[in-house]
Amino acid sequence: MSYLVLTDIQKRFGDFVAVENFNLSAERGEFVSFLGPSGCGKTTTLRMIAGFEQPTSGTIRIDGRDVTRVAPNRRNVGMVFQSYALFPNMTVADNIAFGLKVRKAPSDQVRKRVAELLELINLPDRGNRYPYQLSGGQQQRVALARALAFEPQVLLLDEPLSALDAKIRVALRNEIRQIQRQLGITTVYVTHDQEEALSLSDRVVVMSEGRMEQVGTPFEIYNFPATAFVASFVGTLNVLNGSIVDASRGEIAIDGQTITLTRKFEGRPGQPVRVALRPEMASLADRPEGCTRLVGQVADVTFLGSLVRIRIAVGAGPGASGGNGSEPGQVVMLDEFNEPGLQVPEVGQTVSVSFPMDGPLVLDTEAQVESVEELIAEA
Amino acid sequence: MSSAGEGRRGFGAWWAWLVVFLGILYFFVPLIAAAEFSLRACAPPNQPCSTPDFSAYANTFADSQFFSTLTFSFVVGLTTIAVSLLIIVPTAYWVRLRMPRLRPVVEFITLLPFVIPPVVLVFGLIRIYSRPPLLITATNLGSVGLLVAAYVVLSFPYMYRAVDAGLAAMDVRVLTEAAQSMGAGWRKILWSVIFPNLRTAALSGAFLTLAIVVGEFTIGNYMAPYGFGPYLSLLGRDKIFEPAAVSLISFGLTWLAMAVIALVGRGPRGTRVQVAGAR
Chain S
1 MSYLVLTDIQ KRFGDFVAVE NFNLSAERGE FVSFLGPSGC GKTTTLRMIA GFEQPTSGTI
61 RIDGRDVTRV APNRRNVGMV FQSYALFPNM TVADNIAFGL KVRKAPSDQV RKRVAELLEL
121 INLPDRGNRY PYQLSGGQQQ RVALARALAF EPQVLLLDEP LSALDAKIRV ALRNEIRQIQ
181 RQLGITTVYV THDQEEALSL SDRVVVMSEG RMEQVGTPFE IYNFPATAFV ASFVGTLNVL
241 NGSIVDASRG EIAIDGQTIT LTRKFEGRPG QPVRVALRPE MASLADRPEG CTRLVGQVAD
301 VTFLGSLVRI RIAVGAGPGA SGGNGSEPGQ VVMLDEFNEP GLQVPEVGQT VSVSFPMDGP
361 LVLDTEAQVE SVEELIAEA
Chain C
1 MSSAGEGRRG FGAWWAWLVV FLGILYFFVP LIAAAEFSLR ACAPPNQPCS TPDFSAYANT
61 FADSQFFSTL TFSFVVGLTT IAVSLLIIVP TAYWVRLRMP RLRPVVEFIT LLPFVIPPVV
121 LVFGLIRIYS RPPLLITATN LGSVGLLVAA YVVLSFPYMY RAVDAGLAAM DVRVLTEAAQ
181 SMGAGWRKIL WSVIFPNLRT AALSGAFLTL AIVVGEFTIG NYMAPYGFGP YLSLLGRDKI
241 FEPAAVSLIS FGLTWLAMAV IALVGRGPRG TRVQVAGAR
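Chains S and C, in that order, are what the protein sequence lines are. The numbering used here puts the first residue of the first sequence at 1, with every later residue one more than the last. The numbering used here puts the first residue of the second sequence at 1, with every later residue one more than the last.
Keep in mind the hints are simulated off the structure, nothing from the lab. Careful: at least some of the hints might be erroneous.
Unchecked claim - Cβ-to-Cβ under 8 Å is the rule here; a few derived chain C residues that face chain S:
id	residue
1	Glu36
2	Gln180
3	Ser181
4	Ala184
5	Gly185
6	Val193
7	Asn197
What the hints assert, rightly or not - Over 10 Å on every C-beta distance to chain S, these chain C residues come out as not near it, computed from the model:
id	residue
8	Ile128
9	Gly183
10	Ile212
All values derive from a computational prediction rather than experimental measurement. Just so you know, even glycine gets a beta-carbon here, dropped at the ideal spot from N, CA and C.
If we strip away everything but chain C, and leave its shape as in the complex, we get:
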């Protein structure tokens, strides 16, 4: 009985290690392959180099479009995050506090971007806002504003879920009432109590939004073709080794962003905060 149990445990441990190993292969083999390929930019093409050739990376960094498109997409991404937070946090907060029955409706609305393809969304927006009386795309600023609005819609599923999970982790009603009893109005409550305690959740949503916006192609290509997504697409069409280098750089930036979230979201003095309730 005992030896049979130990045998089963041993098999389970072996199986677990196999799954971990396969997972590592699944995640890292493409990265290693892409890295290896990005270092082959020596003549003759497609032959292994005697020493790694970093010219694909040098070319990428030397390309002014890389920085301009990346900067543009980051600015659009950060603006999207700000607008999205300004819309989602008060909405999710109010629904949790005063209209819990509306939660399924709001959840359904925020899921619509999963149902409606981005190409449908972008054509709809262009048709409506490219003719009077709502001729917004006539100016560059108008187009970028519309792009941000489209990305805000695209970010809804991620941002709403992250913020809602953050609100679920704190006793919203009691914290609100505590602040109210001390004389605070709604703006003060949102700014001083709710937003600071949603920091980690908001950062998670913000990161997902940034990741989506920076690499987004369909909407960006039609509304502002000078973003990072369209640039990546063009690069893939015109160059051989640079797309692999750029994808690795993007991967590095992603990890950097995750590290920032992990650091900033640790709470005061590196300890997780207790949001409310007895200890």
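With the rest of the complex left out, here is chain S:
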């Protein structure tokens, strides 16, 4: 039986439905992230697990025990907040010891545990400092140690890295993952940062407007998005409007050009569809085998350090079948690795964009979700 189980959770604030039909089973020691835009219900769900919000309906179980109506201070759930929430009147050591003192642990045991945790977060000599004497990253590490001190059954992290700068964020997220693996604690992590969610998690729950859009491993979420929302929210995505030419042969027309795809989709000829393509799948290099292509003109080129991002307006080039070469096309964005020998095209130059026939996803067709599930199974 799963360790943390949320069953049919719904949360309403008056008429507003914040979370609905939320079902999740997390195993002991699993790291699950809730990913979604602001207002999608991820923090509300986390707060329901913590006990700060009561679900309107549904149940929450931790290790088989129903905690749906249990007060937050009786759940044995540790929480780390975005704003650290360290007690400013207490030293670092007192902050970490707080949960143990509440539980009336013997003082020698408290001292030992505090020393262990200070060692774990690499701040062994900062026990006597006050929170305001630490940097943001150090404060958040103390907050993590404080949440772990009393050995909670579940650790909840509510956008813990949002207030930190980019470099510290990356370093600290690796530390969080390392500590979580070391302690084997079941963890739920809320973030709107896809990179964080994908790099940290065993599984990711993508949420939108109070609903679960998809639950899966980072690999599944990124490569096989189940819905148009997941496809567009996770990673950068080119979404091109087109129409079905022949579904049985995988042919779709985009701005007068026909591409051929091997992923299954269904629909009648002429039916509008959207084709989703990751920038890293597309290339300017000529890849005839197993690839399909679009022709267009370079709209702009952006240097991003290790990558060069090229935007190509497709449909307006001379190779566009059916196009008259004058109407503006849709834009395909692609990334090329920066290397000294890279031939960067000039703006206005006509180029062909090739991509694997099994690369793009066809959105808005009835059979799309089924095909995604099949693909995940195959993977």
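Once you've looked at the hints, dock chain C against the given chain S.
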């Protein structure tokens, strides 16, 4: 253009210094005058003394009533502060945490002492609590208890605003939830997290309350005429130089209390505390 700008800046600086000078005169001339007058207690009366005469101060300190009334008022003041904090802090905390919509109502209630004159309050209290079934003023302890209760009401506007400002400066909800997630109940949260972080705000409110209670006359005169306020009034009626001396002593005590607040409210190691949030 540039010289005109400099001229305007020069005029502004001159004007600012004039305002500061007038402010200094406004605050210090009465004090200096009172000090000068309090040192004239030599014969013949109302004539400048060849050397300052400190007998008004000596008489004040020699008067046992000065110390007894001052001690009584301080004890009543400290009790008022304790009761007021016990009522106001949990109320303001709960309103901020769980019932923010009630804030205007609570603010209005705490402002009532500004609207209702103390004489109305004291007569109302005496009428209600001096006859059965609520005959509280029959005993000395009962009267003093009622006096403290009246002063608690009188302190509401100052104490509530100070505490509310202190709560506004910290992220009450997040600190509470952090403590809850670690297993703390409401008493532990209030005692270990909220009260300590309200230290400066509570001290400000406490100081204002103490200043009001120690010098209060109207309520004290009717309920416990052995307080410092009624004593000051009697002194003004019966003596010439001593009231000036006593007012200067009170002023000194006030400054002492402010210095204590400044020292105690500085936070750990003399640095202002960050209550919550990113740095």
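Here's how the hints hold up against the structure:
Hint on Glu36 (chain C) is violated. Least Cβ distance to chain S is approximately 47 Å, over the 8 Å limit. Interface hint status for Gln180 (chain C): upheld, as the beta-carbon distance to the closest one in chain S is roughly 4 Å, under 8 Å. For Ser181 (chain C), the shortest C-beta to C-beta distance to chain S is roughly 4 Å, which falls under 8 Å, so the interface hint holds. For Ala184 (chain C), the shortest C-beta to C-beta distance to chain S is roughly 5 Å, which falls under 8 Å, so the interface hint holds.
The interface hint given for Gly185 (chain C) is met, as the beta carbon of that residue sits about 6 Å from the closest beta carbon of chain S, less than 8 Å. The closest approach between the C-beta of Val193 (chain C) and any C-beta of chain S is roughly 6 Å, which is under the 8 Å cut-off, so the hint is satisfied. Nearest Cβ of chain S to the Cβ of Asn197 (chain C): about 5 Å, under the 8 Å cut. The hint holds. Listed as a non-interface residue, Ile128 (chain C) keeps its Cβ farther than 10 Å from every Cβ of chain S; the least gap is roughly 40 Å.
A cut-off of 10 Å between C-beta atoms contradicts the statement that Gly183 (chain C) is not in contact with chain S; the least separation is 4 Å. Every CB of chain S lies more than 10 Å from the CB of Ile212 (chain C), the least distance being 28 Å, so the non-interface label holds.
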